[in-house]
Amino acid sequence: MAVVHHEGRSVELASGESVLDGLLRAGIDAPHSCRAGHCQTCLARVVRGDVPVGSQEGLKPTWRALGLFLTCRARPTGDLEMAAPDALGLEVGARIVDVARLSHDVVRLRLTTDAPFEHCGGQFATLVRSDGLARSYSVASLPGRDEFIEMHVRLVTNGAMSGWIARDACVGDRVALRGPAGECFHVPGRREQPLLLIGTGTGLAPLRAIVHDALRDGHTGRIQLVHGALDERGFYLVDELSALAREHANFEYARCMLRGEHLSTTPASPRTSVHVGALDARVRAAFPNLKGWRVFLCGHPELVVALRKWAFIAGAASKDIHADAFVTKPAPLPRTATS
Amino acid sequence: MPSLYEQLGGEPAVAAAVDVFYRKMLTDDRVAHFFDAVDMDGQIAKQKGFLTMVLGGPSNYTGKDMRAGHKHLVARGLNDSHVDVVIEHLGATLAELGVGAAAIAQVAAIANSVRDDVLDRPARTAAAKN
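For the protein sequence lines, the chains are A and B, in the order given.
Okay, so the first sequence: first residue is 1 according to the working numbering, each after it adds one.
Okay, so the second sequence: first residue is 1 according to the working numbering, each after it adds one.
Okay, chain A solo, but in the shape it has when bound:
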């Protein structure tokens, strides 16, 4: 009989018994509600073993790729180790190999890890400093292509981690990575499907990884990237992405800034464009019908939530919308003169 390992406990399943029923019978307080495969309350992740047949029905492709499954539908034939869906992976030691300024408020950090850090480009990981300070950043590099892990760090006023990275972090410094997490990444297949990727600020980091991943996979459908910023200074990786648009006839790169005139002297590249105005108004006008599209949204939390709703109403299937809202930890209040 199959044995399920969960948070240090082992439960032997009866013949034909679901993982959920087995856990509940053993007195484990496993989350659940409908017990019929719809509500997704009982979602869990396979850590070791095969994903039970039929237990991923109805889940997003990205969730399937992550090994998420429904315990109420799972009748494993072999032993299975599982964890809560959001349980972060182990911590891996890492070393800083490069720190570079990408724009006035974005720093690129490159790391190498002591052990392989299994992840998909576009997911995020938590960077842990030697004193325990921890912040999450998206991974902009591609596993299998890049020999380092690249993160784009936005400089936050009084930000503890970003300030340290910008001023004090040195090549060779020891840190750690915890994770990965997040569902913004490319799942190979459906190559003809049009892709729309919209990001603000360092929301560009995961989108860059997804674009590279899709092109590497031989994606043939249109790939539309829209990067939003407050003003022109917020755009970065412009040369790289413009070059990509020159090389790939199915990739288009648009920049949209809230304020200012476009003053750049960069010669216009094919399939690149610059717009001035609100990002959400721009994409609503440019993409009136998203039926059949796969959509990725990363960056400013309120904008991501609003655009996800828009993308769905504009026709994208709920399973094809992947969003990652970047939440910034509030900076500590400045000390007053008396403290």
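Just so you know, the hints here were simulated from the structure itself, not pulled from any lab data.
Being a predicted model, the structure only gives us computed values, none of them experimental.
Among the clues, some could well be false.
[Claimed, not checked] Partial pick of chain A residues on the chain B-facing surface, computed with a CB cut under 8 Å:
| # | residue |
| --- | --- |
| 1 | C34 |
| 2 | R35 |
| 3 | E57 |
| 4 | G58 |
| 5 | R308 |
| 6 | K309 |
| 7 | I313 |
| 8 | A317 |
Using N, Cα and C, we set each Cβ at its ideal position, and we do this for glycine too.
Go by the hints and put chain B onto chain A.
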């Protein structure tokens, strides 16, 4: 006779129907404000459970679940008129999928049977005695 759930094609068909149904709800000003855009995936999962139940698919929802799941919305003013809107969109969604009027009426009757639970009030038969 197979359930409407099976006739429509089971889980994949209902997953597609939920998108159609939820899109109608989100774009209808009469009910859109009850949906919290932050947890779209969670809400779609719940709608899928609801659609599966009213179509006669595998479901373990109880009246108690329905009460607990909507109490916070009743506190925000959820009433009969909103349940009517849900049933209206449910019917329109099924019609788009090619379901006939008689079957839609049956589904509407099942949806109506949980109305008192959703609105957290005594079952109608009990209410009628008062």
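These are the hints, each one checked on the structure:
1. A cut of 8 Å between beta carbons decides the hint on C34 (chain A): the least distance to chain B is about 5 Å, and the hint holds.
2. For R35 (chain A), the interface hint holds, since its Cβ comes within 8 Å of a Cβ in chain B; the closest pair sits about 5 Å apart.
3. The beta carbon of E57 (chain A) comes within 5 Å of a beta carbon in chain B, closer than 8 Å, and the hint placing it at the interface holds.
4. Nearest Cβ of chain B to the Cβ of G58 (chain A): about 5 Å, under the 8 Å cut. The hint holds.
5. Against a cut-off of 8 Å between C-beta atoms, the interface hint on R308 (chain A) holds, since the closest Cβ of chain B lies about 6 Å away.
6. The beta carbon of K309 (chain A) comes within 5 Å of a beta carbon in chain B, closer than 8 Å, and the hint placing it at the interface holds.
7. Taking 8 Å as the C-beta contact cut-off toward chain B, the hint placing I313 (chain A) at the interface holds, the least distance being around 6 Å.
8. Using the Cβ-Cβ criterion of 8 Å, the hint placing A317 (chain A) at the interface with chain B is satisfied: the shortest such distance is roughly 6 Å.
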